[in-house]
Amino acid sequence: MILVAVGVFVIGIGFSVLWSFTSSKLFPTYDFVGLAQYRRLWADSRWLVSVNNIWFFGLMSITCNMVFGYLLAVFMDQRIRQEDLFRSIFLYPFAMSLIVTGLVWQWVLDPNLGLQAALRNLGWSSFSFAPLVDADTALYALVVAGIWQGSGVTMAILLAGLRGVDEEIWKAARVDGIPTWRTHMSIVAPMMKGAFATAFVLQCVSVVRVYDLVIAMTGGGPGIATSMPAVYVIQLITVRQNVGQGMAAATMMLLPVLVVLAFGGILLWRRNREASA
Amino acid sequence: MTAGQITAIQPVQEGQDQAGAGPFGPKPRRISAGRIGLYAFLVVAALFFLIPVYIMIVTSLKGMPEIRLGHLFNLPGEPTFQPWADAWLHACTGRDCNGLSPGFYNSVKITLPSVVISIICASVNGYALTFWPYRGANLLFGLLVFGAFVPYQVVIYPLIIGLSSVGLFASLPGIIIVHTIFGMPILTLLFRNFYAAIPVELFKAARVDGAGFWRIFFHIMLPMSVPITVVAVILQVTGIWNDFLFGIVFAGRPNWPMTVQLNNIVNTTTGVREYNVNMAATILTAAVPLIIYFVSGRWFVRGIAAGAVKG
Chain A
1 MILVAVGVFV IGIGFSVLWS FTSSKLFPTY DFVGLAQYRR LWADSRWLVS VNNIWFFGLM
61 SITCNMVFGY LLAVFMDQRI RQEDLFRSIF LYPFAMSLIV TGLVWQWVLD PNLGLQAALR
121 NLGWSSFSFA PLVDADTALY ALVVAGIWQG SGVTMAILLA GLRGVDEEIW KAARVDGIPT
181 WRTHMSIVAP MMKGAFATAF VLQCVSVVRV YDLVIAMTGG GPGIATSMPA VYVIQLITVR
241 QNVGQGMAAA TMMLLPVLVV LAFGGILLWR RNREASA
Chain B
1 MTAGQITAIQ PVQEGQDQAG AGPFGPKPRR ISAGRIGLYA FLVVAALFFL IPVYIMIVTS
61 LKGMPEIRLG HLFNLPGEPT FQPWADAWLH ACTGRDCNGL SPGFYNSVKI TLPSVVISII
121 CASVNGYALT FWPYRGANLL FGLLVFGAFV PYQVVIYPLI IGLSSVGLFA SLPGIIIVHT
181 IFGMPILTLL FRNFYAAIPV ELFKAARVDG AGFWRIFFHI MLPMSVPITV VAVILQVTGI
241 WNDFLFGIVF AGRPNWPMTV QLNNIVNTTT GVREYNVNMA ATILTAAVPL IIYFVSGRWF
301 VRGIAAGAVK G
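So the sequences go chain by chain: A and B. Residue 94 in the working numbering is what sits at position 94 of the first sequence, and the numbering runs on without skipping anything. Residue 260 in the working numbering is what sits at position 260 of the second sequence, and the numbering runs on without skipping anything.
Quick caveat, the hints were computed from the structure, so don't treat them as lab data. Note that the structure is a prediction, hence the values are computed from the model and not measured. You may find that some hints are simply not true.
Claimed, not checked - Okay, the calculated beta carbon distance ranges per label pair:
hint, chain 1, residue 1, chain 2, residue 2, range
1, A, 18, B, 41, 35 to 41 Å
2, A, 55, B, 208, 53 to 59 Å
3, B, 69, A, 171, 45 to 51 Å
4, B, 43, A, 219, 48 to 54 Å
5, A, 55, B, 117, 33 to 39 Å
6, A, 80, B, 69, 48 to 54 Å
7, B, 79, A, 126, 28 to 34 Å
8, A, 219, B, 74, 28 to 34 Å
9, B, 51, A, 164, 30 to 36 Å
10, A, 35, B, 138, 33 to 39 Å
Said to hold, decoys possible - Beyond 10 Å from chain A on every Cβ pair, some chain B residues (computed):
hint, residue
11, 45
12, 53
13, 217
14, 227
C-beta atoms are modelled at their ideal positions from N, C-alpha and C, and glycine is treated no differently.
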């Protein structure tokens with residue numbers, strides 16, 4: 001069973017890479033054309049936009065998510081009342097599908113129905129807020145929706161990390177007269193490396209895979225303004241029936257994952273070696 | 001240790017110059033000001049999380065004329081459950097007007113077998129990896145970790161070709177197989193990490209007593225794995241229920257799950273947009289994982305944390 005699962009991944013990736021070197025259209029062929037598909041891929045403006053988008057979206061949403069999630073975790077850690085209630089509220093969007101998230105925010109930001117219409121009705125007639133119909137701002141809207149869905153998880157992970165920090169450290173820092181925010185920045189945060197790494201990895205995985213959210217919220221539009229690599233690949237192999245180029249794009253998606261994993265693997269290996277030495 | 005000390009070690013937000021005054025002597029006024037800021041932040045954050053769903057629920061209970069007035073935040077003047085009934089039974093995707101209910105049953109038909117099969121496989125895998133290390137087990141495990149990170153898009157097309165060559169593409173068994181395969185990495189990791197925490201002596205004692213692979217699994221490991229199984233069930237049910245990509249690619253039109261139906265209903269371009277029906281449909285789709293979330297409570301958080309511990 002495990003062999004089947006692993007086999008599917010390995011063989012699947014193998015074929016994807018193999019077909020990326022062929023001129024496959026609707027069905028795979030074995031007519032090898034070298035790197036031609038990659039050249040065409042990097043000449044395609046839609047792909048270039050997608051790559052730019054994923055970088056922008058990734059950096060924005062991971063940064064915001066981490067900062068917001070950490071703030072929430074720190075505030076949650078102040079022995080507040082109703083902690084369970086707050087926790088439930090912060091975390092419940094994560095239980096929902098990204099399709100649902102995308103649709104919810106599509107409505108909230110809908111110019112004729114959502115916030116803009118509501119505030120204009122209250123008398124603020126010049127109020128203009130319709131990020132989804134503007135190619136320059138649609139990505140920000142996706143980031144906000146992503147934060148809405150995902151920052152609760154970051155909060156939960158970081159809160160668990162905070163709770164794992166020894167009370168004695170807080171005591172010691174206080175006795176030494178170190179301000180609370182400095183204790184956070186210089187002592188506690190470095191101790192939570194593991195929790196931060198976990199949250200970060202989770203974020204990265206979800207950013208690379210972001211597909212549902214885009215489909216439900218913008219469909220990649222306006223125009224191609226919010227296209228993403230994941231959307232691009234699916235489009236190529238279904239609508240545009242250009243499997244060779246789609247597989248080239250998929251292979252490009254795999255590369256950063258490989259690099260990060262190799263990096264992590266080397267770090268782990270070195271740590272193990274140090275531990276055994 | 002006095003009560004004063006206990007309050008002093010609390011990480012209060014603003015306590016920059018408290019050290020000068022010594023750790024004793026609580027400062028109620030300052031602390032309460034800080035507390036107000038603290039709660040204000042938390043409440044604002046909570047509103048950010050709650051408002052979209054409030055809008056959805058309120059709008060789904062309004063009639064269309066009332067929605068066109070544009071009072072987004074108002075409670076419904078004449079609450080009606082008609083949109084909910086429409087969403088369930090009559091909402092249209094293209095020319096089919098059967099509502100969401102077929103999607104719901106499809107999702108159930110997809111989710112139940114996928115969850116059961118994938119958890120059975122993963123628990124056996126995790127058990128074998130932990131206690132019966134065979135040649136290449138570490139390599140296999142490494143590849144499995146890798147599988148948890150692979151972008152789906154890389155494997156989708158070969159899977160389509162593979163499944164259609166055995167005639168399972170766009171069918172119920174096909175989508176179940178896909179979910180089982182893609183659930184395998186994370187679930188196996190989950191079970192492996194759980195079994196790795198069990199003392200090996202237990203396993204060795206059973207071996208000495210003559211128990212074999214399956215006997216140890218069924219009589220010793222399985223009864224102990226209830227908590228991790230609950231976590232795995234929560235993880236899988238919500239994950240598979242919320243899936244969109246695999247559903248739309250591998251299930252085939254008659255078996256489209258609820259999320260796909262929902263997206264089709266809402267993002268359909270023909271006809272008048274019935275926002276109330278759309279929102280009711282969205283809430284219905286989100287209902288199953290939300291119920292699981294609220295019922296399972298802390299288990300859900302644990303599931304995330306456990307799922308997050310990779311490698």
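Hint by hint, here is what the structure shows:
Between residue 18 of chain A and residue 41 of chain B the CB atoms are about 53 Å apart, so this pair departs from the stated range of 35 to 41 Å. Range check, residue 55 of chain A to residue 208 of chain B: Cβ separation about 57 Å, and the 53 to 59 Å hint holds. A hinted range of 45 to 51 Å is violated for the C-beta pair residue 69 of chain B and residue 171 of chain A, which are about 58 Å apart. For the hinted restraint 48 to 54 Å between residue 43 of chain B and residue 219 of chain A, the CB-CB distance of approximately 35 Å leaves it violated.
Distance hint check: the CB atoms of residue 55 of chain A and residue 117 of chain B are about 38 Å apart, consistent with the given range 33 to 39 Å. A C-beta distance of roughly 39 Å is found between residue 80 of chain A and residue 69 of chain B, which places it outside the suggested range of 48 to 54 Å. Here the CB-CB span from residue 79 of chain B to residue 126 of chain A is close to 33 Å, well matched to the stated 28 to 34 Å. Taking 28 to 34 Å as the suggested C-beta distance range, the pair residue 219 of chain A and residue 74 of chain B conforms, at roughly 30 Å.
For residue 51 of chain B and residue 164 of chain A, the hinted distance range of 30 to 36 Å is satisfied, since their beta carbons lie about 33 Å from each other. Against the hinted window of 33 to 39 Å, the Cβ-Cβ separation of residue 35 of chain A and residue 138 of chain B comes to about 35 Å, which satisfies the hint. With a minimum CB-CB distance of about 6 Å to chain A, residue 45 of chain B fails to clear the 10 Å threshold, and the non-interface call is violated. Interface exclusion of residue 53 of chain B from chain A breaks down, the closest Cβ pair being 7 Å apart, not more than 10 Å.
Non-interface status of residue 217 of chain B relative to chain A is upheld: no Cβ of that chain comes within 10 Å, the nearest being about 14 Å off. Residue 227 of chain B, annotated as away from the interface, keeps every beta carbon of chain A farther than 10 Å; the closest lies near 17 Å.
Against the hints set out earlier in the document, violations occur for numbers 1, 3, 4, 6, 11 and 12.
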